[in-house]
Structures are given as structure tokens and as C-alpha cells.
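Engineer: The opening position of the sequence shown corresponds to residue 1 in the UniProt record's numbering, with each subsequent residue numbered one higher.
Rather than coming from a laboratory, the hints here were simulated on the basis of the structure.
A virtual CB, placed ideally from N, CA and C, is assigned to each residue, including glycine.
It cannot be assumed that every hint is accurate.
The list that follows gives simulated cross-link-like pairs (lysine-lysine, BS3-like), each with its CA atoms no further than 30 Å apart [what the hints assert, rightly or not]: (1) Lys272 - Lys222; (2) Lys222 - Lys101; (3) Lys153 - Lys57.
With beta-carbon atoms standing in for the labels, derived distance ranges [claimed, not checked]: (4) Ala177 - Asn257: 38 to 46 Å; (5) Asn161 - Ala103: 20 to 28 Å; (6) Pro98 - Arg187: 30 to 38 Å; (7) Lys166 - Pro98: 30 to 38 Å; (8) Ser78 - Asp165: 35 to 43 Å; (9) Arg295 - Ala103: 43 to 51 Å.
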Amino acid sequence: ETEGEMEEKREMEKTKKIKDNHNNNNDYNEDKTNHENKKITTPSQVLYEGGKRVAIKGFYDDVQVGLVDLAWTSLAHSQEFSCEGYRRALGVPSLAAPVGKRALLELRWCRPSLSVVDMRPGTQQLTAAEDARNSYRFGPTRFSVVPRTAEGKISVRFVPNQDPDKLVRRFREHLDAEFARLGSKNRLELSVDARGHWWEADTSSPFFSAAEVAVQKEWGVKPLYVREGGTMPVASQLELMLGAPALMIPMGQSSDNCHLDNERISRRNLVKGKNVIRRLLQEVAYVARAQGRIRQAGAEREGVSEEGGGDYYLSYKN
1 ETEGEMEEKR EMEKTKKIKD NHNNNNDYNE DKTNHENKKI TTPSQVLYEG GKRVAIKGFY
61 DDVQVGLVDL AWTSLAHSQE FSCEGYRRAL GVPSLAAPVG KRALLELRWC RPSLSVVDMR
121 PGTQQLTAAE DARNSYRFGP TRFSVVPRTA EGKISVRFVP NQDPDKLVRR FREHLDAEFA
181 RLGSKNRLEL SVDARGHWWE ADTSSPFFSA AEVAVQKEWG VKPLYVREGG TMPVASQLEL
241 MLGAPALMIP MGQSSDNCHL DNERISRRNL VKGKNVIRRL LQEVAYVARA QGRIRQAGAE
301 REGVSEEGGG DYYLSYKN
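Can you make the complete structure from the sequences, with help from the hints?
Structural biologist: So this is what it looks like as C-alpha cells:
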């Protein structure tokens, strides 16, 4: 063997020895930390009962009765939604429970939900940009040892008439109690990044009726009622800030991949959506003029001048 070949052989033996030591250390660490590592991941497992219902005491309390009633009036005999179509859209072999169309809509629209949306090994001393990049990097290229911390993110969607502060308190109490039962030397930290309030449209508002008219004029069909979008806190916040009713008018299709890769909207829907807004503004102008005439007539009957203006909005529940 030449001197170069001998040097290369020694280097290979050295590398092999390092790898062997690394593997031995991993075996030792696995034996030593396996129990504690299980304790780190346990909190996410105690959030659900049998993988179906949220285990937090009182999580389903204070839900308003009859939330699906109005939507059901327009969907009961509609072919737009079916349990089988819903299953195919999800891409699953079967639904978790054999339920009818109304029961499925109630579960989807009218019950609070809790989702573990992210779980990862803890990261330290990383910028926000670095942490975001690492969030989507998996496998041995990111970590080669068992991490000493773990973190997760949980999203809670709730419905009328639930209180977000009460839900947060119950969530904390539940996790603290479950974690205490483990007797672990680890530490559990909980933080709430953001919270908002549910929102529900006032279907008795003349502006809701104006939106119905605008949609029907543009598309030539009566719109269906759906209970979606109410968990976005911006709607209730805008109502409180502006003192005016909010409306949500979807423009897209179920195939638009909303909030996913390749999110899109068809040109036809975009143009017609613009026309719906134009028609809605015209209808709102009619409503405002009508309300103005009603207020003026009332003021004249009471002998009160309307000079100085005022708003023409009907009362609206927040």
C-alpha cells in the first residue's frame, strides 16, 4: 500500500469509530431519555377522549341552541352538499361516524373545535425567519439527537355564545392538572398568542337582505346560508369599532384551495364577485334612503328636526 492509501484507510477507520461511538451514545441516550421524552409528548394526547371529543371540562358548554336552523332551511333539499360528497372531498375511506347531513353540518358549523396544528422539537436562539424555515424541515438533516424541549401550537375555534376567556381558563386548568399527574421533572409553559370573539350575522338586518338581492340578481339563483367565517375575529372587531353591521359574501368555489398551496379564484367568479359588490352598494343606497325617509317621517310626527344628520342603521346585535 502506498502512504496515501494507508492514510485514507486510517481516516476511514477513524470515521467508523466515531460513527460507532455516536450510535452507542444514541442507544444510551434513548434508554435514559425515552421515559422523559414520552412525558413531553403526553399533553397533546390528553386533549381528546378516544380521539373524538375534546377532553377539556366545559369545552362544549354555553353553545347557542339552534345554530344550524336557518342554514338548514336552504340546505335541507339542496343537492349542493351531501355526506358522500363531503367524504370524497376529504379523500378519506369513510367518515368518523355514520351521521346524516344535518348532524354533519351541526358538527362542522355549530360545535367548538380544538386542533393541534403544529408540533416540533424546541428551537433556541433562532430568528423568526430561521424558525419559520426550520418549521418545514424534517428528518435527520435538522436534528440527530433527541431534543430536550418540544413545543406545539393549538387552535381553538368556538361558537356563539361561548366566552374565549372562559375557554382559555379551562384549557389551562385541564393541561396543568394532566401535567401534574405525570409527576414529571419537565416544565410546562402555556402562552396565548391571540384571541378574538365569535361573530354572527344579523339575518334580520336590511343589509343582509340587500346582500341576498345582490347575489340573486347577479347569479340568478337564491343564495344558500352557510355558517362559516364567524371565527375570524376581524368581523366582530369591525362591528364594535365602526358601530355598523358586517357582512361576509364568499366569491370563490370549494375547489379554490383556500389557505392552501395554489390558492386561486376563477376569472368568472372574480368578475361576478365584483358585480355582486357593486349591486350590494346600490341596494345599500336604497336601504339608506328608505331609512332616511322613515326617520324623517318619525321626526316630523314628534316635532323633532333631523338637521344635523345621524345614522340610518337599524339596531344590530353584536
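Engineer: Next step is simple, just say for each hint if it's right about the structure.
Structural biologist: Going through the hints against the structure:
1. Lys272 - Lys222: Holds. Lysine 272 to lysine 222 sits at ~15 Å (cutoff 30 Å).
2. Lys222 - Lys101: At roughly 21 Å apart (the allowed maximum being 30 Å), lysine 101 and lysine 222 satisfy the hint.
3. Lys153 - Lys57: holds (20 Å)
4. Ala177 - Asn257: 38 to 46 Å: Once the Cβ atoms are compared, 40 Å apart, the range 38 to 46 Å for asparagine 257 and alanine 177 holds.
5. Asn161 - Ala103: 20 to 28 Å: holds (21 Å)
6. Pro98 - Arg187: 30 to 38 Å: Roughly 43 Å apart at Cβ, these two residues miss the hinted range, so it is violated.
7. Lys166 - Pro98: 30 to 38 Å: Since the Cβ atoms of lysine 166 and proline 98 sit about 33 Å apart, the hinted range of 30 to 38 Å holds.
8. Ser78 - Asp165: 35 to 43 Å: Check passed, 37 Å falls within 35 to 43 Å.
9. Arg295 - Ala103: 43 to 51 Å: holds (45 Å)
Against the hints set out earlier in the document, a violation occurs for number 6 only.
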